[in-house]
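**Student:** Modelling step: build the complete structure from the supplied sequences, incorporating the hints.
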Amino acid sequence: MKAVYGLYTDGASAQQAVNRLRAAGVVDADITIISGQPMEDQEFGHRDKATWMWWLACLGGLIGMSVGFGLAWITEMSWPMNVGGLPTFAWWPNLIIIFELTMLGSILATVATLVVSALLPGKGGALYDPAVTVEGKILVGVENPSDDAVPELERSLGAPAGALVKMQ
Amino acid sequence: MPQWGMAVDLDRCTGCGGCVVACHAENNISTVGDEQAAVGRAKHWLRIERYWEGDFPDVRLKFRPVMCQQCDNAPCEPVCPTYASHHTDDGLNAQVYNRCIGTRYCANACPYNARFFDFFNPSWDKPLQLQLNPDVSLREVGVMEKCTFCVQRIRAAGTQAKAEERDVADGEIQPACVQSCGARALVFGDLENPSSEVSRLSRSPRGSKLLEDTGAQPSVTYLSRLTQV
Amino acid sequence: MDRRSFIKLTAVTGTGAALASCGNPENDFIRFIPDEMIVPGVAVWKPGVCSLCPAGCGLTVRVMDADADVVRDGQAGIVRIAAAKKLEGAPDHPVNHGGLCARGQAAIQVTYHPDRITQPLRRTGERGDGLYEAVSWDDALAEIVSRLDALEGAGNQGSLTYLTRVGRSHRAALVRDFLVRFGAPPPVAFEIFGDDVLRRANALSFGREQLPTFDLANAMYVLSFGADFLGTWNSPVAQNVAYGRMRQGRRGVRGAFAQVESRMSQTGASADEWVPVRPGTDGVLALGIAHLLMSTGAYPSDAAGRAGALIEGWAAGLPGYAPEDVERMTGLEAARVEGLARQFSDARPAVAIVGGAPLAHSNGLFTALAVNALNALVGAPGRDGGIFFTPQLDVAAAVQSGSPAQPAVALESLVTEGLAGGASPEVVFVDGANPVFTAPPAWRVREWLEQVPYIVSFGHFLDETSILADLILPDHSSLESWAEALPESGAVMAVASIAPPVMRPLHQTRATPDVLLEVGRMLGTPLALPWETFDELLGASLAGLPSASGSGALADARQAGVWSGELPAGLAVADSADTSPASVPVAFTAPEFDGDADEYPFHFLPYSSNAFLDGSLAHLPWLQEMPDPLTSAMWSSWVEINPVTAERLGISAGDVVEVTSAHGTVRTRVVVSPGIAPDLVAMPAGQGHRTFTRYASGRGENPVELLAPMTDAATGALAWAATRVRVTRVGPPDGRLILFAGSLREHGEEHR
Amino acid sequence: MTHPTGQQITRDLVRPLLLTTWRFYVMIALFGAFVVAGLVAWLSQVYFGFGLSGINWPVFWGFYITNFVFWIGISHAGTLISAILRLVNAGWRRPVTRCAEAITTFALLIGAMFPLIHIGRPWLAFWLIPYPSERLIWPNFRSPLVWDFFAINTYLTGSLLFLLLPMIPDFAVVRDSTTGIRQKIYRVLALGWRGTPKQWHRLESAMQIMAIAIIPVAVSVHTIVSFDFSMAPVPMWQTTIFGPYFVAGAIFSGIAGLIIAMAVLRRLLHLEDYLRPLHFENLGKLMLVMALLWGYFVFNERLVTYYGNGPHEMAVFWRTQRLSFAPLYWTMVVCNFVLPLILLGIRRFRTITGCVIASFGVVIGMWLERYLIIVPSLGAKYLPYSHGTYTPELVEVTITVATFAAMCLLYMLFAKVVPIISIWELKAGEHPSPALIPPATEKHQLGDLHL
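Residue numbers (our numbering), protein chains in the order written: chain B, 1 to 168; chain E, 1001 to 1229; chain W, 2001 to 2752; chain X, 3001 to 3451.
Since the hints were made in silico from the structure, they are not lab data.
Heads up, some of the hints might be wrong.
[What the hints assert, rightly or not] Result set (DMTMM-like, lysine to aspartate or glutamate): computed pairs, CA atoms no more than 25 angstroms apart in a straight line:
{"#": "1", "chain 1": "E", "residue 1": "1126", "chain 2": "E", "residue 2": "1034"}
{"#": "2", "chain 1": "W", "residue 1": "2046", "chain 2": "W", "residue 2": "2514"}
{"#": "3", "chain 1": "B", "residue 1": "166", "chain 2": "B", "residue 2": "129"}
{"#": "4", "chain 1": "X", "residue 1": "3198", "chain 2": "B", "residue 2": "43"}
{"#": "5", "chain 1": "W", "residue 1": "2046", "chain 2": "W", "residue 2": "2067"}
{"#": "6", "chain 1": "E", "residue 1": "1209", "chain 2": "W", "residue 2": "2679"}
{"#": "7", "chain 1": "E", "residue 1": "1062", "chain 2": "W", "residue 2": "2067"}
{"#": "8", "chain 1": "X", "residue 1": "3198", "chain 2": "B", "residue 2": "30"}
{"#": "9", "chain 1": "W", "residue 1": "2046", "chain 2": "E", "residue 2": "1164"}
{"#": "10", "chain 1": "E", "residue 1": "1162", "chain 2": "E", "residue 2": "1172"}
**Tutor:** Encoded structure:
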């Protein structure tokens, strides 16, 4: 794989690089941005913000709730045991079980969503430079550019002050 | 379905302790020895509580045999996570030793402190083990145990009656404590049968339940001791 | 999962306790052993006789198969035996009516006791070392025979002494016969809490030298002077049965009960009214009541007949026993004396009981005679709700070979004489008695026994007496041999409790009666006892008795464990021949106490322990762990002290104290008890064994060690309640007083 | 005070992972020895019988359940604090969240061990798990112990994930700062983290959801622990106040535990620039609030019992107020109320030292509180004949001490392999504008109590 990228010391320079890449005709999906921390105060930091994660968490909760209810209902009804004169299926205590499994369901769904959608090595995704973490740089780059576009990209990436352009 | 219950006539009880030893003999309750007894681990499924009232010379001593009260709404049952403690159809608080993992929660929940714990594997100096009753299982370390109303005798009588195609007669079943009591302070039987002696005694105006306000609905009725002087 | 494998799995989960198998079996949670797979051991119920005390209660013994480790001829192995599993009261027995006391329940542990002597032993070490070697029965019997032959050769048969326990039985008759035929004096029976004073008084008052039976079941008022009749005294199970009926056994009628004593006993705890009086003045109160009864005119003084005539001033209406006089002597308010008298006369039938500590004073016989006179005054003897004397089978007459009863020799005089250089026995047989433990040290029984050249013990265990023995010939337990008793009281009709062995012997033991019979045959001059074995004696004895089933009284007894009924003429023990009133009517004399009142400020009351009696049962672990009826103590001994006294002495509960009399000191722990007079301290007997199996040895203290050799002046019986002591605090609780109860006050102790 | 730059942050916080002195090994050995002793104690209890402990009739619960409740309480330090502070976006939280979450996880692990230590037949503890056994014996869902099982499992899962998720970017930092085998390990741990905006958003969303979910779970956990007591008809146990009382107490002790841990880390790892007096001050204020809340609950509980005047309740009441347990009781009140009020309420004392002393008091006091809930009640339950008392034996004391050692051990090992302060969060807090980190000036303080 090859890639061309620039390392920037501050968010404004990185933003400038992103803007120049866009001006050079690179679509957002091809621009790779890597930072050592969330960049909420720059425009590029707001990319890909939309997510189904909340709904999936709710779904996980629903599944957990059903499991909790089913577990309580099926097990208690399969062997009806009299304890202390309580009903065989007693709502108050079972609500506790249902609640805990609901929360467990949503927590697990959230984490599963995170792992599947953001962490598991996806397509491409090999462009990286340790300077991001070690030196706190912000990386902006394009993976697998066509050979003839490289000079243009290098120019765009090198424009902001303090930029360090690298090939990989 | 019978509902087993007991009546304890405190006017008859003389506190002799015969029932206590009878219970040990019938139910394979091990003696724990002096050192363990000293730390409060003696196991007496049935104990005779005794309470002083007043001061010399106007002093009285009351006896009160306390065993598992086989409550209808037994607080010990719902707290058990494994159903080791649960309720049978004939009104007993069953304690399934093999199902017990020893949380001791039931013992905390029991208002009567009628439950006992095996802190060590029970042992008998040979050949004392020959006295063991084969109808009653031995308990392992880490298990709760308690008065069962001598369930082995109840089951044996039930089997016998079934084989003879009849109902169990009133007084046919006697737990070991009832059987040993010379003064006949203890009466056992079916509370559902209105003509049984125990249900007659349970309706006595002298009758009351122990710690009635805990809501456990015990199956043991205490008939108060009278005073006439 | 099919049903079969389900069953297999569930069967693994358990045996025993608690589950319903009613209703739909599929809904049963855990089914222990499914009904169709139950292969229970077959339980057989056999009759038995409790041998732990003389009451002679009937047993039903549950017998089942069991695997026992046994040693036979030096070979160890596992043998399947029919083993006794549980003792229960025989339901139809005329004495205990199905009830059984704690001690009786625990009697099974005698048979299975881990420290039982399993075979004949011959002493190898010094006396008291407890070193023995195993010998064969043949060698052991040959040794005894040679010893007895030697006595006979020297014409010294009289120097064979047989120490045994109190109790009427065929076995006792056999022993007596053996001794008489050999030419030895009759057996010496000693019991610390014995009732010789009362027997003597009954002989004088009623012509019967035996303990009475009380028809409590029909009584309306029971006045007991110190008798622990619901705990340990006389025939406790029979009395419990009757007591239950007295209280709640009659529709709409409830008998009342007052107990006179200065330390609340288990029996006193059940009383409606508890009446503490000064030690040794119970007789005064009885006569005070009699005085009031007679003064109303409702009870003429001659109604008491011969029993009244024994009391000085009786015919004159006991002028010296007005309530004020009684108050002065007993410390009980005159008004309460009047109240007791009113109840005793109003509630009919009323009965008075006397026993225990009131008779263990220097004036014991007076007290017994006074209460007897009170009973006679209200017509209690022979009346429903009164007192009876159980007809006694005369074994000697029944077997037409036995020797008639002879006046017994008192242990004390025997010992005193022997130690003073008088006649001392050459051979002593010890059978069921432990006088080294139960006799006051001042009698020096151990010293006396150590002089004896040859001692044979028949006991099951090594105790303080049998450890002095040169030869031990262990008896069968009462479950392994013919068990029998002729209850002295407890029933209105004559009773012979007799039961064949319920199981085969666990160890290489032999029944002592059979050993005696065999020794009698082996002697150089055989004793010509007419029976080969003990059961032949029983058969001969019961042959003359009527049989309900017609198959013979012994067959009936084998079946039921008891024979009961009318004794044919000539087979009953006759009334005492001494029917004339005592030459001098008795009067109250102030009780004498050993020890100076200033130096020893407290009366000392040892009492028969509910669990161990005089200590003979301290080796049974069930009884050791049974909470005491009053203190809830287990595995311990203690001294009871009134709270006021304790505070004055700076003693609190559990403290270690020394109790000192002029004759000894014991160091024990304090139970602060409200049920005891401030000038009295009480201590249960039973603990304090030096040698008595792993469960009792070195545990607690023996109150007998404090006792002075005081006696009742008239009968010579030990006055065990006539010692004074002082109490000094030694230190804080040392953890050796073990209580089961957390608190013995139901209300308010935590609020102080 | 100057704020460290991003590079400096990375350097300072990764340093403890790379530099290990002999002191570390000595302390590991020390704590490890205690832990081994506890393990030996537990194994001997299993082998010789539960009777080695001081548990008896009728005090069937003792040190083990005290420790159980105590550690579950400590576990509320973290997740709850960091979740709440995260949700309200309190900037000063950033250096303390991971400390707190680590406490939560380890305290939960330790706390969850105690039921196992406590039960008579621990080899059968798996019967609490609802699995389809061949006999179809399920656990009893009506038992509070089964509620405990579910609640603690959910809480432990949640807390562990809550701790782990924000560690992923930091693992990437360590990965990039190291070489060799260590780099390989951290590469795996970093789960392919790069730092794209999408990853950051997903991570932050996940943390938001987790924070929202973990708060009710945490509240439910300690409420359910309180149900272990209040569901049994034991004098002074059966009261509705136990739920909130326990939750408040848990947070209370959790904050105290956190303050102590932070103070130790600050000293040992030289994190003076990150764990500043401000953090202690803010946590101290929070603890002061909890002390007041605790006092309020205790007053409620006692007053209601006192007026109710039930004979059985009063037996327990007087046992703790005046009789055998009074010395412990009043020690607890001093530790939990008087001491925090003085040290945290008076501004002059609210220094790091003051906070730490108060925290030690609270930890001791809260441990005593649990002990005093359990033992006096069980020892004076209804029928006075069956009253009793409890003295711990060596095995219980050893195991108790061992769990404190285990906490230290786990924490030390954790700080050795994970940056104990979340690097990326600290940077994110510092990066947008330093103003977001409230300076420790007077006007930013949350309002002082002037006593």
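**Student:** Evaluate each hint against the coordinates.
**Tutor:** Going through the hints against the structure:
Distance check on the hinted pair: residue 1126 of chain E and residue 1034 of chain E sit about 18 angstroms apart at the alpha-carbon level, within 25 angstroms; holds. In summary, the hint linking residue 2046 of chain W to residue 2514 of chain W is supported, as the alpha carbons are separated by about 22 angstroms, within the 25 angstroms threshold. Restraint check: the Cα-Cα separation between residue 166 of chain B and residue 129 of chain B comes to about 10 angstroms, which is no more than 25 angstroms; the hinted pair holds. Distance restraint check for residue 3198 of chain X and residue 43 of chain B: the Cα-Cα separation of roughly 13 angstroms lies within the 25 angstroms cut-off, and the hinted pair is therefore satisfied.
Proposed proximity of residue 2046 of chain W and residue 2067 of chain W is supported: the alpha carbons are some 19 angstroms apart, at most 25 angstroms. This hinted pair does not check out: residue 1209 of chain E and residue 2679 of chain W have alpha carbons roughly 40 angstroms apart, beyond 25 angstroms. Between the alpha carbons of residue 1062 of chain E and residue 2067 of chain W the distance comes to roughly 44 angstroms, so the proposed pair goes past 25 angstroms and is violated. For a cut-off of 25 angstroms, the pair hint linking residue 3198 of chain X to residue 30 of chain B stands: about 13 angstroms separates their Cα positions.
As the CA atoms of residue 2046 of chain W and residue 1164 of chain E are separated by approximately 23 angstroms, the hinted pair is consistent with the 25 angstroms bound. Distance check on the hinted pair: residue 1162 of chain E and residue 1172 of chain E sit about 13 angstroms apart at the alpha-carbon level, within 25 angstroms; holds.
In this structure, the earlier hints numbered 6, 7 are contradicted, and the remaining ones agree with it.
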